[in-house]
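Visitor: Read off the chains here:
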Amino acid sequence: MYRYDTIDREMLADRAAEFRSQVGRRLAGDLSEDQFKPLRLMNGLYLQLHAYMLRIAIPYGSMNPIQLRKLAWIARTYDRGYGHFTTRTNLQFHWIKLRDAPDILDELASVDMHAIQTSGNCIRNVTADPYAGATAEEVDDPRVWAEAIRQWSTFHPEFSFLPRKFKIAVTAAPKDRTAARVHDIGLVLKRARDGALGFEVIVGGGMGRTPHIGPTIREFLPVNRLMSYLEAILRVYNRHGRRDNIYKARIKILVAALGVEEFTRQVEAEWLKMDAQAEGGVDLPDTELARIRGAFAPTGFESLPLQSEPLELEKAANPAFARFVRNNLKPHKKPGYGIVEISLKAVGETPGDATADQMDVVADLAERYGQGDIRVTHEQNLVLPHVKLDDVPAVWAGLREAGLATPNINLVSDIIACPGLDYCALANARAIPVAQNIAEKFRDEERAELIGELKIKISGCINACGHHHVGHIGILGVDKKGEEFYQLTLGGSGAEDAALGTILGPALPYDRVADAVDTLVDVYLRERTDGERFLDTFRRTGVAPFKEAVYADAH
Amino acid sequence: MPTLIRWRDGRAELAEDAFTHVADDQDVASGDVIISLSRFQADGDRLLHEGRKVGVRLTSEEAVEALTYDLPRIAVVALEFPKYRDGRHYTNARLLRERFAFTGEVRAVGDVLREQAGFMVRCGFDAFEPADGAGSQEWDAAARRYRHVYQRAADTRIPAYVERE
Amino acid sequence: MKALTANRLLDGEVVFWKAGQWVERFADAELFSDDEAATAAEAHGKNQPTVVVDVYLIDLIEAEGVWAPISYRERIRALGPTNHLAHGKQAEGGAVIEALQHAHGAARSTGRVNLIKRK
Numbered sequence: 000m001y002r003y004d005t006i007d008r009e010m011l012a013d014r015a016a017e018f019r020s021q022v023g024r025r026l027a028g029d030l031s032e033d034q035f036k037p038l039r040l041m042n043g044l045y046l047q048l049h050a051y052m053l054r055i056a057i058p059y060g061s062m063n064p065i066q067l068r069k070l071a072w073i074a075r076t077y078d079r080g081y082g083h084f085t086t087r088t089n090l091q092f093h094w095i096k097l098r099d100a101p102d103i104l105d106e107l108a109s110v111d112m113h114a115i116q117t118s119g120n121c122i123r124n125v126t127a128d129p130y131a132g133a134t135a136e137e138v139d140d141p142r143v144w145a146e147a148i149r150q151w152s153t154f155h156p157e158f159s160f161l162p163r164k165f166k167i168a169v170t171a172a173p174k175d176r177t178a179a180r181v182h183d184i185g186l187v188l189k190r191a192r193d194g195a196l197g198f199e200v201i202v203g204g205g206m207g208r209t210p211h212i213g214p215t216i217r218e219f220l221p222v223n224r225l226m227s228y229l230e231a232i233l234r235v236y237n238r239h240g241r242r243d244n245i246y247k248a249r250i251k252i253l254v255a256a257l258g259v260e261e262f263t264r265q266v267e268a269e270w271l272k273m274d275a276q277a278e279g280g281v282d283l284p285d286t287e288l289a290r291i292r293g294a295f296a297p298t299g300f301e302s303l304p305l306q307s308e309p310l311e312l313e314k315a316a317n318p319a320f321a322r323f324v325r326n327n328l329k330p331h332k333k334p335g336y337g338i339v340e341i342s343l344k345a346v347g348e349t350p351g352d353a354t355a356d357q358m359d360v361v362a363d364l365a366e367r368y369g370q371g372d373i374r375v376t377h378e379q380n381l382v383l384p385h386v387k388l389d390d391v392p393a394v395w396a397g398l399r400e401a402g403l404a405t406p407n408i409n410l411v412s413d414i415i416a417c418p419g420l421d422y423c424a425l426a427n428a429r430a431i432p433v434a435q436n437i438a439e440k441f442r443d444e445e446r447a448e449l450i451g452e453l454k455i456k457i458s459g460c461i462n463a464c465g466h467h468h469v470g471h472i473g474i475l476g477v478d479k480k481g482e483e484f485y486q487l488t489l490g491g492s493g494a495e496d497a498a499l500g501t502i503l504g505p506a507l508p509y510d511r512v513a514d515a516v517d518t519l520v521d522v523y524l525r526e527r528t529d530g531e532r533f534l535d536t537f538r539r540t541g542v543a544p545f546k547e548a549v550y551a552d553a554h
Numbered sequence: 000m001p002t003l004i005r006w007r008d009g010r011a012e013l014a015e016d017a018f019t020h021v022a023d024d025q026d027v028a029s030g031d032v033i034i035s036l037s038r039f040q041a042d043g044d045r046l047l048h049e050g051r052k053v054g055v056r057l058t059s060e061e062a063v064e065a066l067t068y069d070l071p072r073i074a075v076v077a078l079e080f081p082k083y084r085d086g087r088h089y090t091n092a093r094l095l096r097e098r099f100a101f102t103g104e105v106r107a108v109g110d111v112l113r114e115q116a117g118f119m120v121r122c123g124f125d126a127f128e129p130a131d132g133a134g135s136q137e138w139d140a141a142a143r144r145y146r147h148v149y150q151r152a153a154d155t156r157i158p159a160y161v162e163r164e
Numbered sequence: 000m001k002a003l004t005a006n007r008l009l010d011g012e013v014v015f016w017k018a019g020q021w022v023e024r025f026a027d028a029e030l031f032s033d034d035e036a037a038t039a040a041e042a043h044g045k046n047q048p049t050v051v052v053d054v055y056l057i058d059l060i061e062a063e064g065v066w067a068p069i070s071y072r073e074r075i076r077a078l079g080p081t082n083h084l085a086h087g088k089q090a091e092g093g094a095v096i097e098a099l100q101h102a103h104g105a106a107r108s109t110g111r112v113n114l115i116k117r118k
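Which chain is which? The protein sequence lines are F, W and G, in order. The numbering of the first sequence is numbering that gives the first Met the number 0, which starts it at 0 and goes up by one. The numbering of the second sequence is numbering that gives the first Met the number 0, which starts it at 0 and goes up by one. The numbering of the third sequence is numbering that gives the first Met the number 0, which starts it at 0 and goes up by one.
The shape of chain F in the complex, shown without the other chains (with noise of 0.2 Å):
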C-alpha cells in the first residue's frame, strides 16, 4: 500500500492549520457565512439538516487498519458512534460539531487521512476498482495512476474553481466496478498488442439531473502521457463549462453541446500547445511512476494450492458459509487467496453504515488475516482484498459475530442508498427506509440467491448520490404536493455495459416501492430464460410487461 512521506504529512499539517485558522475567523466574526462555506465545503463540512456532516476521502477507496480505526475512534468521540460509507468511496460523519472540526481533522492527518476536495468545484476524491492488485482480470494495478492523479489534482492551483464538481474513475479490468462511463472521466486501462500500456479516455459521462454515457475520446492515451492529457481536459473544461447555470454546469453538458469531435479536437489542439511549451512538462517522470509503483507492489503473497480444505470442509458442513463464499468471495489472482466483500447491507440497517465496533472489528480481521488492506466499494461495502481461503472460515466467523457476514453481494438487497432526507439538506425523499423496507420484504436468502444479480439503487433527490440512473431497478425520491413519492426507473447499469434506466411509469407513493419492487422482481421470475438477469430479461423484453404487472396492480 501507498504510505506517505513527510511531503505528503506536511501537505496535511498545512491543510489542517489553515482551516483551524478559517475556522477561527468564521467564529470571530471576520469571516461571513457566505465567505465560509466554500472554506468549509472545501474541507469536506457541510451544514445538513440535524448537524454538520463531515466527509472524509477514501482516496481510491483504500485504507489500512491503523485509518479505519481511527474512523471509529472519531466516531465514538465525536459522532454518535457511526459512519456512513458513500458512493464516491468516502466516509461520512453525520453528527460533527463546528468547533471539534480542526481537532478532527488533526486526528485524520495523524494516520494520513484528510477531508480535502470531498466537495467543492474542484477535483473530487479519485475512485478506483477496490479489486486492484487483487483481481487476475486486470491488466495493471489501476492505483498507481490513481495515487498520481490524487496528488496531480490535491490543491491544483488552476482547478480548485472548476463550473462544477469533478470525479474521475479508474480502472484496469474489463468488468467495471467503478461505474466509469458514468464519471466526468473513466480512465479504462488497456494492454495494446506490443504489451504497452494505455488509457481509454471517457469524458462527460454523469448522473444528476441530466444523465449521459461518458463518450469515448481516445481510444489508447499513453500511460506515462495520461497527467497532461488530463490537464488539457481539465482546461477546456475550465475555460468553457457553463457557470451560469448551476444545472448545467457539468462537463458532460459541455461535452453534449460541442459534440464529442468538437470537444476532442479541442483537448487535443490545447494537449498539443502544451507539449509545444512545456518546460519540464506535467507528466510524471519515469522515477515518480516507478516509486508509486514500488508502493503497491505485491507482497507477502505464499505459494498455496489452488483449493483449500479448511474452507472446503466448512462450506459441506455449514450452509451459512457455504451461502456466504458463494455470494461475498471471489476469485483472486493468487491461487489459494480470495478477495472477500463484507457487505454494508444487514437486512433492517442503514445500506453503507458501520458502527465503530464493526469498523474495529474489520480492522483487526484485515490485520490478522488481510495483509492489512482495506477498499471501500462504490456500492458501499468493504474489501478485504487478500484472504487466504485457509482464512475464510475465521475471517466468516468474525464477521458474523459483528453483524457483518450478510450474505448478498450484487443481490437485491444490496441496495445503494444516499443518507436522503433522514439527514441531507439536499433530499426531497427518504432513501434510507425505502432500501430497509424493501430489503425486509427479500429478507429469505435463498430466494434472493435465486433472483441472482440485481442491482436497486435510491437517490433522495436529483443530484442522484444514490446512483439511481443506472440502478437495474432505480428509485429516485421526488416531492410531489408535499409528499414522498418515488419515481421507478428499470434497466441501467452502471457497469461496462453501462445504460440508463428507463421510467417505469408515474412515481408511487412511499409505501407502496417495496411492493412495486416485489412485484418486479415476480415478473422477471416469470419471464426469465436460464441464466438471464434480472438486466438481461428487461433487456429482452422492455419495459411493457413490467409496467403493466406494477400498475395493473394500482387498480
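By construction, these hints were calculated from the structure, which means they are not laboratory data. Positions of the beta carbon are idealized from the N, C-alpha and C atoms, including for glycine. Any given hint might turn out to be false.
[Unchecked claim] With beta-carbon atoms standing in for the labels, derived distance ranges:
| no. | chain 1 | residue 1 | chain 2 | residue 2 | range |
| --- | --- | --- | --- | --- | --- |
| 1 | W | ALA65 | G | VAL22 | 56 to 64 Å |
| 2 | G | SER32 | F | VAL477 | 26 to 34 Å |
| 3 | G | ALA39 | F | ASP510 | 40 to 48 Å |
| 4 | F | VAL477 | W | ALA65 | 57 to 65 Å |
| 5 | F | THR76 | W | GLN25 | 57 to 65 Å |
Here the structure of chain F is known, so what remains is to put chains W and G in place on it, guided by the hints.
Guide: Coordinates of chains W and G only, in the frame set by chain F:
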C-alpha cells in the same frame, strides 16, 4: 495613491499603485491607466502614443488570446474575478505566463480573497487588490502556507516528485 | 402560525426562537400568529451571524391538538432521522415529540397532502 500587494522574490509586499482603474463610462484619467479590453481596442494606440503605461482589464468571459499581439506593449493585465468561485482567470494567468511569455504585471482584481493567494501566485499572478482587507502580511502567510506542491504550474516551485528525487 | 428556526453555528444543532433566545426543543419554540412579529424575530435572528446560520420561518399546522411544522423536512429537523430513533431530539420523547411523529402518520393515512408541504 492606493496601495496594492505585489509578489516579488517569493514574498508579498505593499507597493504603491501607479495605475488608475478607468471604467468604460469614465473619462480617461491622466497618467498610467488600466482600461477594459473594448476601450483598449478603441483607444489603446492613442493612449500608448501619449507615452503612458497602459494596462488592460479582462472580464472572466474574455480570453487572453484577444491580447496575443498587444502583450509586448501592455504593462499590466488585470484579471477581474466577478466572484471568487469563478476560476477561469487561473487558466488565463497561466497562459499569459507559460504560453505567451508575458513578463509584465498580472494583477488580480475583483472578488479577490486571501484564500486564493496560493493558487494565484502559482498561476503567475504577481499583483493583488484584495477585497477582504488582507494586508501584505496576511497575504504573505496565505500564499506561503503550504511547504510543498504536488504539480508544476507557472511559478518556479519544485513539485513533490522532484523534491523526492 | 409560524416558528423561527436556524442551525447553531458552533455545533449545527437545530434551534428555535423563543423570546430573544435560541432553544433546542421545538416544544419550547415561540409561536407567531402575527406575521409582523415573526418577520421582526427573523430579522433579529439574521442579525446574529456568529450565533446561528440559515435563519428562516417555518409554517405550522395544528395536528392532534398541537402545532406541528407543515413540512416533512421540518418535522425531521425537529425530531431526528427516521432510521435512528435514538438520535436527534426525538430521543428525549415527550408529548410534543409524539405529536410530531403522529402528524407524520396522520398525513399519510388521510392523504392530506398539504400537511406535508415542504418549505
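Visitor: Each hint should be assessed against the structure and marked as holding or not.
Guide: Going through the hints against the structure:
no.: 1; hint: ALA65(W) with VAL22(G): 56 to 64 Å; verdict: holds (58 Å)
no.: 2; hint: SER32(G) with VAL477(F): 26 to 34 Å; verdict: holds (33 Å)
no.: 3; hint: ALA39(G) with ASP510(F): 40 to 48 Å; verdict: holds (41 Å)
no.: 4; hint: VAL477(F) with ALA65(W): 57 to 65 Å; verdict: violated (45 Å)
no.: 5; hint: THR76(F) with GLN25(W): 57 to 65 Å; verdict: holds (59 Å)
Of the numbered hints given earlier, the model fails hint 4 alone.
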